[in-house]
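Residue numbers (my numbering), protein chains in the order written: chain L, 1 to 637; chain P, 1 to 102; chain G, 1 to 510.
Treat each hint with caution, since some may be false.
[Unchecked claim] Listed next, the in silico DSS-like pairs over lysine-lysine satisfying Cα-Cα at most 25 Å (straight line):
| # | chain 1 | residue 1 | chain 2 | residue 2 |
| --- | --- | --- | --- | --- |
| 1 | L | Lys-589 | G | Lys-408 |
| 2 | G | Lys-301 | L | Lys-167 |
| 3 | L | Lys-213 | G | Lys-408 |
If you are wondering where the hints come from, they were derived from the structure by calculation, not from laboratory data. Treat the numbers as computed from the prediction; the structure is a model and nothing was measured.
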Amino acid sequence: MIEFAMQKAWLIPFLPFLSFVLIGLITKRSEKLSAFISIACILTSFVLAILVAVGIFGAGEEFIEKSFEYSARWFSMPGLEISMGVKLDPVSSMMLFVVTLVASLVQIYSLGYMHGDPGFSRFFAYLSLFAASMLGLVIATNLLQMFVFWELVGLCSYLLIGYYYFKVSAREAAKKAFMTTRIGDFGMLLGILFLQIVFGTLNFTELAEIVPKYADYGITLGTLNLIAILLFIGPVGKSGQFPLHVWLPDAMEGPTPVSALIHAATMVVAGVYLVGRTLFLYKTATTAAEVVAYVGGFTAFFAATIALTQIEMKRILAYSTVSQLGYMIMALGVGSLTASMFQLFTHAFFKALMFLGAGSVLHAMHGKVNVWDFGGLRKKMPYTAWTFVIGGLAIAGIWPFAGFYSKDEILLEAFNTGHTGLFWLAVITAAMTAFYMWRMIFLTFFGEEKAENHPHESPFSMLLPLFVLAFLSVVGGWVALPEHGWGYYIRLGEHEAGHAPAWMIATATTAAVGGIALAAAMYWKKIISYEAVGKAAGPLYTLSFNKYFIDEFYLWINHTIVDGLGRLLYWVDIYVVDGIVNGLGFFTKEAGAVLRHTQTGRLQNYALILFAAVVVLVLYMYFKSPAAAMIVLGGGN
Amino acid sequence: MIGLGHFLVLGALLFCIGLYGALTKRNAVAVLMSIELMLNAVNINLVAFSRYLTPDYIAGQVFAVFTIIVAAAEVAVGLAIVIAIYRDRLSVELDDFDWLKW
Amino acid sequence: MGLLTALFLAPIIGALIIVFIPKDEHKTIKSVAAVATFASLAICLYVYFAYDQAAGGLQFTEFISWLPDFGINYSMGVDGISLPMALLTALIGFSAIYASWNIEKRPKEFFILLLILIAGVMGTFVAQDLFIFFLFYEVVVIPIYIMVLIWGSTKRVSKEYAGMKLTIYLLIGSAFLLAGLIALVVKSQGLTGNWSFEISQLAQVKFDDKFQIVTFALMALGFTSLLSMWPFHSWSPDGYAGAPTAVSMIHAGVLKKIGGYGLIRIGLFILPVGAKFWAPWIIGLAVMNVAYAALIALAQKDLKYVVGYSSVSHMGYVLIGVASLNIIGVNGAVANMFAHGVMSALFFSMIGYVYDKTHVRSIPDLGGLAHQIPRIATGFMLAGMASLGLPGLVSFVPEFTIFIGTWKAAQGNPAVMVAAVLAISGIIITALYTLRLLANTLFGPRREEYDWLPDANVPEMVPLVVLGFVLIVGGMFPFLLMDMINNGVEPLMTHIGPVLEAASKIGGNL
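Excised from the complex, chain L in its bound form (with noise of 0.2 Å):
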């Protein structure tokens, strides 16, 4: 059985795309049938994903340095040859587990959540095609590959957000994430075209191998550093690391478990994974990695700042997930594969479970979204409370939760790599993030109760995914407990980093704690009154409640710049190149019409220039040469 997963791995993506084949073609009409395959082929591939984990982790060491590889040809000529297969080795079999395993409950729970839509069959073909592409991404071989997946799950994402198709809010939001990441692709496509002239390969393994031999290839490291900094443009987009982060939060436009899905397992991800998978190239190009850690601790604090003073639910968990993805991406800077996998791993469990719960949240509200509005939720909705409580408690890194282990790993490798200023960014993070967190649970779950809402805890097919989840955020993070456990087999170069000192992890702790009180403090209890707090802040509270005029600031660029100068060449074309052209074409006809002139009609004039050209022509030749005028005057010799 494991055996045939492995070798038959590309199965793990193949079936949830058969899904989507089948009900875009077939199944369309019936919406029990559709959810029916698209749930059969996703826990197929989970169960896959399983059985490879199982291989790749059962087999001890084999499989850590050297990965198990094949692979067909896509296309190939004379100096370019891409094939599509399968890399499977502990990162991607994580991966896989963590994608069919999210993507599973995503499914189960939109049975219920999408329950009664119109659209119930496309929404699962979407879903299907969405972790078909994510799962390909995850096993490519080479960028190339990854970078077909990569677009198809900007294409999924640009449908689901999109799904409502009839909002205009939805239909905007949709674009809008399509072109941010596509800004970023743009930076990444170059990055790959660089590789492939210089290095002549785009296949992860033996990149990896002769990446660090690059002056054989003729380029110096500044070219190197370039490389790694164009390839990291596309993560920068697709991870929603500033300044391309605009289209994360206006992503919650989807239907809720698309959001779950979006930021916890599929899609934002994808950019993280790809730098992780790269991550020899920064090791190398230590100032491009130097970008990158920045990047993300930048990222991650920034974002955190916007998520403080947010109203809407969704908007405050998805600049939380902006700021975990910048902590990521701080981890892989820092050269640490380990750290960054594995804050990847537990944040795909609470946040999968936190955008699920608000799901539950914003189902029973019917469309409310303000926390403002709500309040005391936990009465009516328990079970829908005490897991998101769960998620709470995990993102903030409390021990024993998932996010607490995980969480460590990346101070500690901040701290051990040098960049204690980083490792002081990441720490007032975890303080907002404990605080923003919970700001939004007090006034969700606790106080008073209010009375226009009429909240009722959801049915079944909601509330499973929410336990399994939270089930995971508080056992996730223990696999790094072991001695052979997470760092022994996601790792790449770096030593395993041993245990946090106590100071550190005394120091993340009150952070959190810290975090978690204020809120209290401000939110549930109202000791501290949160409008004076506000005032006091002033021009900072507005920035950041208008999220720094950021994407102002984008429409500004697009709508003024971009499009005035596509109206200034539309002028040109018009008058400028058409007028040239119209011009000549007038310029004939009033030529012609000067001419025409010369046209009598009458036959005796046209006779009369005929024979008056032949005298002119027989006297010129018999001046110019009597001997060739002779001829035609019928003498000569």
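Position chains P and G relative to chain L; hints supplied.
Here is chains P and G on its own, set in the frame of chain L:
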């Protein structure tokens, strides 16, 4: 003694008269007649050359016969056209015929 | 009769049969046209898959001596470059018949002209004799003019203006081309003593550098204006906007590609030194195409103009691929012609449905159409996604290969590097206008005024299914296309490789 030159001068005169007529006459029938004059000038030339330069061959005369036949046909067609135009326009004045101009 | 003759003879026979059908028998006329183009498509598919890739070279050749005094022969043959183009023609021709299924005005004349048009385009791709090539090329011009005039539509510019502009550009281009052809043949006769119009024989002749540079310029003027290179592009948006759907499909889909095909098959193959001399200029102008036309597409409000300018922009990639003068770039250029053909034909057929029924083409007046016409919306989505180069659809791999080829050509040449980056940045603007178009026509609130709009029926679905199938299959299995193309490009580039290496004259110092 009348020689080749006299005939050629006669032919040239006839041709010039014909040409003048063809280019200046307003009446279409007069133009047709002028064209006949020009053709006959050619005929004179053909016959004269034949008689004086190559008396053993009668190629020139044969040519002249051909020209006469063509001229006859041409007059027939030409007059038919003139009549057709007259029916349409009630005029044989060439100044009224400028339909070649678009 | 050979298979290749049958390829373009099938539509002509169809046209001849239609001549004898009473003009009120609409259904029969359309069926005959469909059968004729289907026969052509079937033969083309057979030829495509029966082509022996291991052997390579020209296959299915036909040769009949015609005017031996001038070395003009009826010579047909296909290789890896012309086969995809022929297949494209057959596919789009077949789809175009169905896209015109709703024609009510003079269908008899319409389908006769359309079939002649298809036959003409097909002929250019299979002809191996320059004279025959030119003959077919000229056959194409007349039906287009008439069709735009009778069945076209007037919006920003009148259809008379659009048709005239289209035709004059085609004719001026072909005048330059003819001058180039004659120069080529006469010069080769002077050098070798034999008259020959055969492409493969002309390619063996060693023309001197100066001659190559001048003649290439003449030919390139002809071919690139057909390929709508900046600044000779302005016929394209106006022409497509004025033309009826089927003409837009065939013109944007295949006719334009004759320019690129000729540039490779004749320009590059016979006159490599000239190509190398002018390549920097072409790259520079092509970058203008990509960026300039894409930005203008952003400012358009008319659906057909958006696609028209987008096609100008995409042709920039083809030009860049050709001008990169390496095997990867040229491969990509040929493949992109195929990809863009399928994509733009699908786009125009979808726009045609909407326009023919609503007589609205202005984007602000449309919106939310996915509610009423989901099938057509799917077609729009497919075409749009292909237009922005989504992997998994046919246009991604060609664009990627062109980028690789250009990047390779740009090594050690900063100016070309800048051009390449600018060209690649075109993917962002392309995405912007495509997504805007899709969002503003298909999505958004339901508009009651379009509730009566019927979705595509079975004949109308044919272009969507056929072209959509090709888009997806070509994208998922690119080797089906790329292997064939490489089979034609590789020997060509190997043939001119040493000459290109040795050539030292480069224009423009770019």
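Query raised in the report: Are there hints from earlier that the structure breaks, and if so, what are their numbers?
Result: Structure breaks hint 1 only.
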